[in-house]
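> Here's the letter readout for the chains.
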Amino acid sequence: MKLQYYPGCTLYTKAKPLNTSLHACFNAVGIELAELPHWYCCGTTFMLARDNRMSLIAPLRILAKAQQEDGKVLVPCSICYNTLKRANYMLKENTEVLDIINEHLEESYDGNEIVLHPLEFFRDNEELVRSKVKKSLQNLKVGCYYGCLLLRPQQEIQFDDPEAPTIFENFISSIGATPIDFPLKVECCGAYLVVNSPDAAVEASYKLLRNAQDNGADVVVTTCPLCYYNLDALQGKMKKAHPDFKEIPIFYFSQIMAIALGMEEKKLGLEQNKVSPYEILKEYNLL
Amino acid sequence: MIDLKNADPHFKWETIKKEGGKGLLKCFGCSDCAASCPVRYFDERYNPRKIIRLTLLGMKNEVLSSPFLWFCAHCHACTERCPQGIMVADLINAIKNYAVEQGYCPEAYKLQLDLLKRLGRLYEVEDFDLKKRQRLGLPPTDKTIPEVAKIVEYTNIIKYANSKPQVPNTNQDDSSCQEKMEKE
Ligand code: SF4
Ligand code: SF4
Numbered sequence: 001m002k003l004q005y006y007p008g009c010t011l012y013t014k015a016k017p018l019n020t021s022l023h024a025c026f027n028a029v030g031i032e033l034a035e036l037p038h039w040y041c042c043g044t045t046f047m048l049a050r051d052n053r054m055s056l057i058a059p060l061r062i063l064a065k066a067q068q069e070d071g072k073v074l075v076p077c078s079i080c081y082n083t084l085k086r087a088n089y090m091l092k093e094n095t096e097v098l099d100i101i102n103e104h105l106e107e108s109y110d111g112n113e114i115v116l117h118p119l120e121f122f123r124d125n126e127e128l129v130r131s132k133v134k135k136s137l138q139n140l141k142v143g144c145y146y147g148c149l150l151l152r153p154q155q156e157i158q159f160d161d162p163e164a165p166t167i168f169e170n171f172i173s174s175i176g177a178t179p180i181d182f183p184l185k186v187e188c189c190g191a192y193l194v195v196n197s198p199d200a201a202v203e204a205s206y207k208l209l210r211n212a213q214d215n216g217a218d219v220v221v222t223t224c225p226l227c228y229y230n231l232d233a234l235q236g237k238m239k240k241a242h243p244d245f246k247e248i249p250i251f252y253f254s255q256i257m258a259i260a261l262g263m264e265e266k267k268l269g270l271e272q273n274k275v276s277p278y279e280i281l282k283e284y285n286l287l
Numbered sequence: 288m289i290d291l292k293n294a295d296p297h298f299k300w301e302t303i304k305k306e307g308g309k310g311l312l313k314c315f316g317c318s319d320c321a322a323s324c325p326v327r328y329f330d331e332r333y334n335p336r337k338i339i340r341l342t343l344l345g346m347k348n349e350v351l352s353s354p355f356l357w358f359c360a361h362c363h364a365c366t367e368r369c370p371q372g373i374m375v376a377d378l379i380n381a382i383k384n385y386a387v388e389q390g391y392c393p394e395a396y397k398l399q400l401d402l403l404k405r406l407g408r409l410y411e412v413e414d415f416d417l418k419k420r421q422r423l424g425l426p427p428t429d430k431t432i433p434e435v436a437k438i439v440e441y442t443n444i445i446k447y448a449n450s451k452p453q454v455p456n457t458n459q460d461d462s463s464c465q466e467k468m469e470k471e
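Here the protein sequences line up with chains A and B, keeping their order. 1 is the number of the first residue of the first sequence in my numbering; add one for each residue after it. 288 is the number of the first residue of the second sequence in my numbering; add one for each residue after it.
Rather than coming from a laboratory, the hints here were simulated on the basis of the structure. Be a bit skeptical, because a hint or two may be false.
[Claimed, not checked] Computed beta-carbon distance windows for the label pairs:
1. A:Leu287 with B:Ile445: 48 to 58 Å
2. A:Pro198 with B:Gln389: 43 to 53 Å
3. A:His104 with B:Arg408: 19 to 29 Å
4. A:Asp199 with B:Pro427: 22 to 32 Å
5. B:Pro426 with A:Ser173: 39 to 49 Å
6. A:Tyr12 with B:Val435: 13 to 23 Å
7. B:Gln399 with A:Ala241: 27 to 37 Å
8. B:Glu331 with A:Ser131: 21 to 31 Å
9. A:Lys72 with B:Asp290: 26 to 36 Å
10. A:Asn27 with B:Glu331: 26 to 36 Å
11. B:Glu301 with A:Met1: 33 to 43 Å
12. A:Lys246 with B:Glu331: 37 to 47 Å
[As the list claims (entries may be wrong)] In silico contact screen, one side only, chain A against chain B (beta carbon under 8 Å); selected entries:
13. Gly111
14. Gln154
15. Asn196
16. Ala204
This structure is a prediction, so every number in the text was calculated from the model and none was measured. Yeah, the Cβ is synthetic: ideal placement off N, Cα and C, and Gly gets one too.
Could you put the whole structure together from the sequences, leaning on the hints where they help?
Printed below as a string of structure tokens:
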């Protein structure tokens, strides 16, 4: 089976490990990820727009292209997922805007493409995932960090309960690891404040990692390249500000899954982690 | 204390006309948004409710010149919890857009606008990047995209962003503004 797939820019640059491990996981469950033939940046944020029409053009073109190929498209990056889904919602709700944009483009789009996150796909195919697990991760306590953009605004995203989601924990159980619930799993990591007020992002990320540790997590797992960067690369700064902080490895959900499915190490992209994941993986005999 | 002598009664009406601004009048001041806001963990001076209340009162200069306006991480925690169903994060965004139109644009964004105008790109493509592309088997790319630069010019945004003097820079402590926010 083939699944159409929109990687987004970061999966080719900073978030390469997410890309390679995700491909490995899908291959392992017998699905080929078919990349959209032509794709561009989704636009990421709506900053500085005097109206939102302009920022809807890029998502609309991507969705229109995707629709020509297939009725649904897989989007692994939380930010792209949020942007495409919000755009989809707005275009569907506001046909006036949809018409205006359609008029300006060669493509035309009706608002009906389904934007799918890998976690949703794995939820719907849980048995398939379970049947492919090769290594026991039972002892590994995994803090499931959702962040903001997968969940909010719920009305438009419709991913899971925005305050008490469970899809990530269920996914972690389905690959045989032990999910850890922690109150700040839906809290913001500081996002792009890291550009303008880096200390803010350090504090925000520190607070939630600390919370995950206090609840027993060995590692923290995320789906978002920006969260990943803040949680992983800022740990040096967290340690400077809070000397008693103990570093904690961060993974993409697909990296943990690839380990459970018994993938060889070079498909995991672990070498890009700033906080070394090797000690904990060796401790539990996972490498 | 807020000095209502300086209030601009049109401010709230102009704000609700902006994209994302339409929920403004529904705010009943419960502070759920402020209680949910993660930015407040590290800087108490940022407060979405305060921004909204000041907007409703018409304190145009205070709101638009405030560097705190730019502290919002757009995490939508407030949006999710607002009992009045206001899209709070989008509303803050609307006020940011308004601020830029009035010439209150942070330096960091002005630099980006300048790049867009000069190159049509946010990142300068250097020879180094071209070599890197070549190594990856990618075709060379244009160093500038004049069409994009033209669109930027057409939107007039640069004129807006540069239209008035000094701009809040969120990295610096703007004490006068800070006092105003604290006084409320
Ligand atoms: S939560 Fe909503 S109603 Fe309450 S203060 Fe914030 S914006 Fe106003
Ligand atoms: S969206 Fe902005 S104002 Fe709302 S809770 Fe997040 S950071 Fe605070």
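> So, against the hints stated earlier in the document, which numbers end up violated here?
The structure breaks hints 2, 4, 8, 9, 10, 11, 12 and 13; every other hint is satisfied.
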